[in-house]
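Enquirer: We have chain Z; now place chain P onto it with these hints.
These are the residues of each chain, in order.
Protein chains: 2
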Amino acid sequence: MKGNSPLSPVLLKLLSLRLLQSLGVGVRETEAERDQEEIALERMDAVRAAVDVQDTAALDALLDPLHAADIADLLEQISPSERADLLALWHGGIDGDVLSEIDDSIREEVIEALPEAVVAEAVRELETDDVVDILEDLDEPAQEKILDALEDADRAAVEQSLAYPEYSAGRLMQREAVIAPEYWTVGEAIDFLRGAEWLPDQFYHVILVDPRMRPTGYVTLGRVLSSGRSARLRDIAEDSFRTVKATDSETDVAYIFNQYHLISCPVLDENGRLAGVITIDDAMNVLDEEHEEDMLRLAGVGDDSSIQDGVLETVKSRIPWLFVNLLTANLSALVISRFDTTIEAIVALAALMPIIASMGGNAGTQSLTVAVRALATRNLTGANALRVVRREAAVGAINGAAFAILMGGVGALVLGMPLLGVVLALAMVINLIVAALAGILVPLGLDRLGLDPALASGTFVTTMTDVVGFFAFLGLATVMLL
Amino acid sequence: MKGNSPLSPVLLKLLSLRLLQSLGVGVRETEAERDQEEIALERMDAVRAAVDVQDTAALDALLDPLHAADIADLLEQISPSERADLLALWHGGIDGDVLSEIDDSIREEVIEALPEAVVAEAVRELETDDVVDILEDLDEPAQEKILDALEDADRAAVEQSLAYPEYSAGRLMQREAVIAPEYWTVGEAIDFLRGAEWLPDQFYHVILVDPRMRPTGYVTLGRVLSSGRSARLRDIAEDSFRTVKATDSETDVAYIFNQYHLISCPVLDENGRLAGVITIDDAMNVLDEEHEEDMLRLAGVGDDSSIQDGVLETVKSRIPWLFVNLLTANLSALVISRFDTTIEAIVALAALMPIIASMGGNAGTQSLTVAVRALATRNLTGANALRVVRREAAVGAINGAAFAILMGGVGALVLGMPLLGVVLALAMVINLIVAALAGILVPLGLDRLGLDPALASGTFVTTMTDVVGFFAFLGLATVMLL
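Just so you know, the sequences run in chain order Z and P.
Residue numbers for the first sequence follow the working numbering, so the first one is 68 and each next one is one higher.
Residue numbers for the second sequence follow the working numbering, so the first one is 68 and each next one is one higher.
Chain Z with its partners taken away, still in its complex shape:
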């Protein structure tokens, strides 16, 4: 064929370009990212070399200038044995910030590798929310070691935070807050701040409180700075003021930060008094973790699995869903085995049936993913659920019809069996409608039950489309072709 039909390769190329475009293919990685990765790799090689020759001075020179987050990344990316060697040799830079930054999956290992004095020193400089974050995932003895290292007041504050339920605002907040009585003037506030012995590392607002320590509003530092000394804080407070309760879930807290673009938010105890403050970096962390959870759950992976996990942890996080899948796959097998005489009569069916199932699985995953994401961002609610379900049904029908014509044509013309074409077409329509509906109804149903919609997971929806696909295709074939 080469050279004989110059039109068709050009057309093909144009078509495939068009297809690539509509698939959203584009270059993602940037030059800056590539540069950074190269620098990080070179640094890592230099660190390895320095550890090999026990050159602590070289390690200091390499690691001391790094941000805590970058030191944590380096520790995460080297192997466990390299990590142990490095920590045995060098722990000057392992301060509280590095411990905070490091991934949960290796934090316990790192803490155990460090001398007790280094850990004690590290946690003492942290704010209470960071200490709580570190403590949460540790075993009892490791927790005790860290609590013992804290000053009494800090220890009490940390223990109070830990008394709140896991994944609550109380766990997320730092107890250190900058507050002022609402009747103060700007001048009084500035004088107070100038005289304060201790202030949080980062603070963006002054929280106004009444005499019973109940927050009544907040003033941004920008307003404090740009107002005259005699202005009353209550007169320059912001209009909108939101608080959360210490028992609110961290999911709700993250939603409020994201929805209302908050930078920090006061947390109230059961009596409406100020218990602490949550800042945006904590809220961002929660959002990030929930994204990850949704993605991993959709794929049927344990939601605390990480790229740093060892082989056995990884097996443990993946095998439960594979087991579920094995059970559900047996359902499909059961359906197919009911039609063994049909398949015996027309073996071509065995080759065609995975096409129907695979199209259904794909379409179902599409609906499912959009639905899970919309539920997580609270864009799919009782208000529009019915409209979205109707839309999914229509989309399923249209896509089904489009691929029915295509597959029907293939069956009729290529395979030379018109009736087989009709069977393929009908099965395709049925399965794509069922797929679209399963993809939206399963997560919606789970959500109504108060369960995480991401649990719907590929596995369940794919099973449904497999079973329906095989049944529709083989059933129709039995009725129409035998």
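In case anyone wonders, no lab produced these hints; they're calculated from the structure.
All values derive from a computational prediction rather than experimental measurement.
Check each hint, because a few of them may be wrong.
Because identical chains share one entry, a pair is satisfied inside a single copy or across any pair of copies.
Derived SDA-like pairs: lysine to any residue, alpha-carbon spacing no greater than 25 angstroms straight-line [as the list claims (entries may be wrong)]:
no.: 1; residue 1: K212; residue 2: T545
no.: 2; residue 1: K312; residue 2: H134
no.: 3; residue 1: K383; residue 2: L453
no.: 4; residue 1: K383; residue 2: I413
no.: 5; residue 1: K312; residue 2: A136
no.: 6; residue 1: K383; residue 2: A468
no.: 7; residue 1: K212; residue 2: V120
no.: 8; residue 1: K312; residue 2: E109
no.: 9; residue 1: K212; residue 2: T448
no.: 10; residue 1: K312; residue 2: L108
no.: 11; residue 1: K383; residue 2: L217
no.: 12; residue 1: K312; residue 2: M351
no.: 13; residue 1: K212; residue 2: R279
no.: 14; residue 1: K383; residue 2: S148
no.: 15; residue 1: K312; residue 2: S172
no.: 16; residue 1: K312; residue 2: A107
Expert: Leaving out everything else, chain P in the frame of chain Z:
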């Protein structure tokens, strides 16, 4: 059986509880979320009723107290015709903030439904980055309408931002920044801020610049407030100071904010001079969009699809990947059709082959998702890629062996065909190893090529596991059973 064997139901229940736990099943939706949804639903009904009877006073009472983000949500969740009716009747509260908050997918529709004067008034009060954000997704004539509404200085600033490439820091930044010469004292800075005619809505830092307007550091407002009037700004500047270039990609910007917990970051032009500032809410938006993109791409859905899209838009965003899937599914069909004589001889194979394929597809999706996520968070790099690939191979082999024993036992004992059991077991091991490797190597390869690893998408990995699964199973059956 009922009642005869009390042990087995109890055991089953225990086992299934254990399984549910290891699947991570837990209640996700919170009480607060449920309450909020109910309030939102009631409000929506009230709004609908008010629109029906054309009661603008009632609409004012219902909508005016709402945050712009909540008004935007309400507009997104009602149907297009309800939206048109509402906007025709009530546009008092549609200010710049609402236009900023509203989803891209319906923003153009909303802007077209509003009187020009309302749009003009709305955009005039926005900061430049928000105007750019709104303009980006509009058609040329709608863009012109908005540019015309701006004051000359703002229009010039917006057009300068639009001159930067899409998805660059230059598009993300606001041009309004609070700056001070580094030699100023705290007192001079405070006096300047008190006298300033205009300040950004939110600012958290004072950026220090040299006489050529090149940023040299920053001071947090907290430090300004807590230092004496005579302190020099340069002496209370923060240690670590990061800037981005206006041409940097927004992906890199979001990464820097997340990695180093920034609240705002100066943007430099090609000469190293201050061009603007990016604040954390913009960076959070980018992170959010990229998460969504990864999730949707993995599922083979167009990455700008939204729950608000109409039927035809949805069809358009989903059909390309379904078409790719159809092509790849035909590959599987081709493989199966090569073994038609084998299937004719042993029809049971037709029922069992989807089990092997489905297990492979599931395991592949697990590896793939973990890999795509780790690449996005830059936790999977050249430094640990090899180790992760080795781990995946080991995990695939262990999971393969576990399910090989299970399926082999089923084949041998339940189906009474020991050799079929061996075939099932071998095919399972082969396919789970291939699945685990495909799940990591395909996204890693795409990443090396500078493409988005999420494009690996369920489709490709599933095809690979389907083809290998069918081939291994039917091939082994042909050799060993015929």
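Enquirer: Next step is simple, just say for each hint if it's right about the structure.
Expert: Tested hints:
1. K212 x T545: neither (70 angstroms within a copy, 62 angstroms between copies)
2. K312 x H134: between (33 angstroms within a copy, 20 angstroms between copies)
3. K383 x L453: between (39 angstroms within a copy, 21 angstroms between copies)
4. K383 x I413: For K383 and I413, neither the intra-copy (42 angstroms) nor the inter-copy (35 angstroms) Cα distance is at most 25 angstroms.
5. K312 x A136: Answer is between; shortest inter-copy Cα gap is 21 angstroms, intra-copy 30 angstroms.
6. K383 x A468: Classified as between; 14 angstroms across copies, 42 angstroms inside a copy.
7. K212 x V120: neither (32 angstroms within a copy, 67 angstroms between copies)
8. K312 x E109: between (47 angstroms within a copy, 24 angstroms between copies)
9. K212 x T448: The answer is neither: 46 angstroms in one copy and 34 angstroms across copies each exceed 25 angstroms.
10. K312 x L108: between (45 angstroms within a copy, 23 angstroms between copies)
11. K383 x L217: Result: close neither inside a copy nor across copies, 35 angstroms intra and 59 angstroms inter.
12. K312 x M351: Result: close both inside a copy and across copies, 18 angstroms intra and 24 angstroms inter.
13. K212 x R279: neither (36 angstroms within a copy, 53 angstroms between copies)
14. K383 x S148: Answer is within: at 22 angstroms inside a copy they meet the 25 angstroms cutoff, but 51 angstroms across does not.
15. K312 x S172: For K312 and S172, neither the intra-copy (29 angstroms) nor the inter-copy (34 angstroms) Cα distance is at most 25 angstroms.
16. K312 x A107: Classified as between: cross-chain Cα gap 20 angstroms, same-chain 42 angstroms, threshold 25 angstroms.
Taken one by one, the earlier hints fail for this structure at numbers 1, 4, 7, 9, 11, 13 and 15, listed in ascending order.
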